[in-house]
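Hey, can you work out the whole structure from these sequences and the hints?
Protein chains: 4
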Amino acid sequence: MHKNEHMSVRTPDPDPEWTPDPDDARPPDGANPGWLSDVELAEVRRRLPLLYVEAVPVRVDGLGRVIEVGVLLRAKSTGEMTRTLVSGRVMFGETLRNALFRHLEKDLGPMAFPQLPASPVPFSVAEYFPLPGLTVFTDERQHAVSLAYVVPVTGTCDPRQDALELTWMTPDEAATPEMSAEMEGGRGALLRAALASVGQLR
Amino acid sequence: MHKNEHMSVRTPDPDPEWTPDPDDARPPDGANPGWLSDVELAEVRRRLPLLYVEAVPVRVDGLGRVIEVGVLLRAKSTGEMTRTLVSGRVMFGETLRNALFRHLEKDLGPMAFPQLPASPVPFSVAEYFPLPGLTVFTDERQHAVSLAYVVPVTGTCDPRQDALELTWMTPDEAATPEMSAEMEGGRGALLRAALASVGQLR
Amino acid sequence: MHKNEHMSVRTPDPDPEWTPDPDDARPPDGANPGWLSDVELAEVRRRLPLLYVEAVPVRVDGLGRVIEVGVLLRAKSTGEMTRTLVSGRVMFGETLRNALFRHLEKDLGPMAFPQLPASPVPFSVAEYFPLPGLTVFTDERQHAVSLAYVVPVTGTCDPRQDALELTWMTPDEAATPEMSAEMEGGRGALLRAALASVGQLR
Amino acid sequence: MHKNEHMSVRTPDPDPEWTPDPDDARPPDGANPGWLSDVELAEVRRRLPLLYVEAVPVRVDGLGRVIEVGVLLRAKSTGEMTRTLVSGRVMFGETLRNALFRHLEKDLGPMAFPQLPASPVPFSVAEYFPLPGLTVFTDERQHAVSLAYVVPVTGTCDPRQDALELTWMTPDEAATPEMSAEMEGGRGALLRAALASVGQLR
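Chains as they are written, first to last, in the working numbering: chain A, 38 to 239; chain B, 38 to 239; chain C, 38 to 239; chain D, 38 to 239.
Hints may be right or wrong, so weigh each one.
No distinction is drawn between identical chains; accordingly, a pair holds when it is met within one copy or between any pair of copies.
Distance condition first, Cα-Cα at most 20 angstroms in a straight line; then the derived SDA-like pairs of lysine to any residue [claimed, not checked]:
#1 K113 x R178
#2 K113 x S217
#3 K143 x L100
#4 K113 x P147
#5 K143 x G101
#6 K143 x G99
#7 K113 x M220
Simulated from the structure, these hints should not be mistaken for lab results.
Right, dumping it as structure tokens:
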């Protein structure tokens with residue numbers, strides 16, 4: 038039903054140190070004072086809301102209409118499979134556009150050729166809290182606020198790092214309750230909001 | 038489950054000449070050249086896209102969060118019951134704000150006290166075509182393009198004209214497939230897009 | 038200062054029958070009942086608001102940031118030169134996307150390769166009235182409501198019909214009072230709103 | 038020309054420890070682990086982008102149209118007067134709505150009765166960097182990302198803390214280069230974007 042970019046799924050080999058946001062553990066460049074050690078990041082996560090960007094990769098037709106939506110499949114350290122969106126932290130000194138591009142490249146590979154939107158206004162702002170109830174989004178690690186964008190990609194997606202594969206599906210498939218149930222942190226709601234923002238939610 | 042503004046439902050007394058947009062048949066003021074006779078309107082409807090405004094009435098809490106959504110219940114000329122949103126045509130010489138206010142007053146009564154949004158940009162643009170397939174929205178009478186807004190109301194709603202009642206429901210209730218199935222012209226999709234635009238679609 | 042796509046400006050040769058929206062005079066296909074004769078169009082223009090789409094063509098860099106804005110230069114039938122945006126009417130039975138693409142092709146040529154936005158929500162809705170005062174936009178011919186979009190173009194623009202040339206300029210140049218003063222119908226305000234929507238208005 | 042809520046300007050009595058965001062120095066409640074000491078805050082500011090919310094207070098007419106814009110006048114520790122918007126940090130565990138409401142109350146007083154927007158999507162996202170050039174916004178203290186909203190207020194504004202007064206002005210007055218030049222951190226651009234988002238920028 039779904040078309041996968043990688044039909045031969047790599048064997049999941051989860052790193053016990055794996056985090057859904059592994060770039061946090063490596064500095065973008067050695068001298069950046071914005072780099073945080075694991076201990077420091079753990080500390081900051083209990084003190085401040087962290088700023089994230091999130092992207093829903095899509096394929097569009099010649100008139101710009103969204104015809105397919107890309108969802109990432111990941112293996113958690115427990116071995117459990119989960120679906121998610123392109124997502125990652127904004128670093129100190131980094132613009133939102135640069136962060137968005139960096140995480141798209143990290144998750145979809147260098148040949149995805151994402152077309153970042155001209156407008157920096159997100160289609161939605163997702164607020165993740167450690168405890169459920171305040172919003173529909175949860176992240177047990179932290180309080181994160183995520184600016185979410187729909188991003189057309191025109192090239193070939195080659196998921197890297199912890200993403201096992203990128204699954205392309207129709208807007209209708211992406212909006213099903215089954216798909217929502219598989220998405221981590223309540224991102225099914227974010228995916229539906231993305232579809233609504235492009236006029237593709239029934 | 039749903040709270041109705043009018044618990045004692047008036048007996049449906051459908052006018053055979055009834056249209057969902059009855060203001061078309063009466064001039065806002067006698068001398069307006071924008072007034073169209075029934076024959077003229079029928080003619081225009083086969084030649085031009087008509088411009089509509091549409092509103093999803095909501096109740097908000099003290100922080101502006103949407104807690105209830107209002108949906109109109111109407112009787113069609115066939116006696117069939119159907120649900121819809123506040124909706125109506127923009128007249129010649131009329132601003133979008135004036136049209137939106139006029140239709141809110143027509144459908145919710147003079148004491149609804151709608152708070153029109155500061156921004157004239159709609160949360161969605163719904164394209165209705167006589168034949169299905171081009172979009173999810175249909176209107177057998179015409180090609181209509183509708184600018185849709187979420188509008189908080191702070192007063193008492195007293196549906197008039199052809200609306201039998203206004204039903205208040207939670208965002209979750211409004212988003213169910215059952216509710217969508219009851220809404221005319223595919224407006225269930227528009228209602229969900231409204232919920233997504235205010236961060237209330239799961 | 039400005040880069041023009043056509044440095045050798047063609048001699049203005051205004052057609053006395055010229056209208057800023059010449060496609061109105063020709064059916065998209067012969068049998069379309071939405072085609073209006075000049076007499077019929079003149080009649081409709083005094084009775085109904087007409088639905089338009091409008092586009093601000095832009096060049097973006099690799100991160101999607103707008104670096105140049107395209108403005109059309111036209112000769113009016115009086116010989117006067119005026120600046121405008123890509124603009125045109127939505128025909129009966131035509132989707133907004135099709136109308137937007139058709140007018141971009143009409144005004145920028147077939148090799149412009151516009152990237153229509155994934156979202157059908159405009160950055161602004163411009164209301165044009167025959168008489169000034171209701172809004173900042175005027176159109177002496179009619180009451181028109183225009184859904185306006187920022188559209189990146191990646192190809193070569195070759196203005197056709199009545200557009201003498203397309204002038205590319207920086208966002209700062211496009212936002213000057215001088216440029217606004219040259220734009221017809223108050224579209225300088227629309228151009229600034231376009232820049233603001235992409236974070237490029239100082 | 039401008040109407041001020043406080044015509045009798047209090048004598049500026051700048052605290053040498055003054056910061057434009059004084060709530061950072063006090064915990065919302067004593068036990069909140071999100072409270073940062075001055076030393077910790079100074080440290081974090083060199084390591085992470087901080088999340089802010091920002092509000093442009095407006096007065097609207099009965100149709101929701103913006104007729105006046107509120108701008109705060111402050112005294113900096115140098116004695117220099119500067120204009121700014123309602124602005125402040127989002128605390129750990131706090132929703133965006135709660136942060137927005139808290140800062141509106143802090144800056145406009147408890148009787149302002151702000152009507153927070155139903156949609157959590159900002160009209161603009163302003164990125165402030167210590168060094169100029171990356172964007173039009175600067176903040177020498179930190180890298181801050183600010184979600185900006187237009188917020189109608191219906192009550193009486195009574196600026197507190199460091200805001201000397203709130204000046205109400207027309208949209209045209211707010212958009213002048215003179216006003217922009219007086220606003221700190223490049224917020225004149227944000228104010229114009231706010232006006233554009235509500236269709237009030239010429």
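Quiz item: Which hints, by number, does the structure contradict?
Solution: 4
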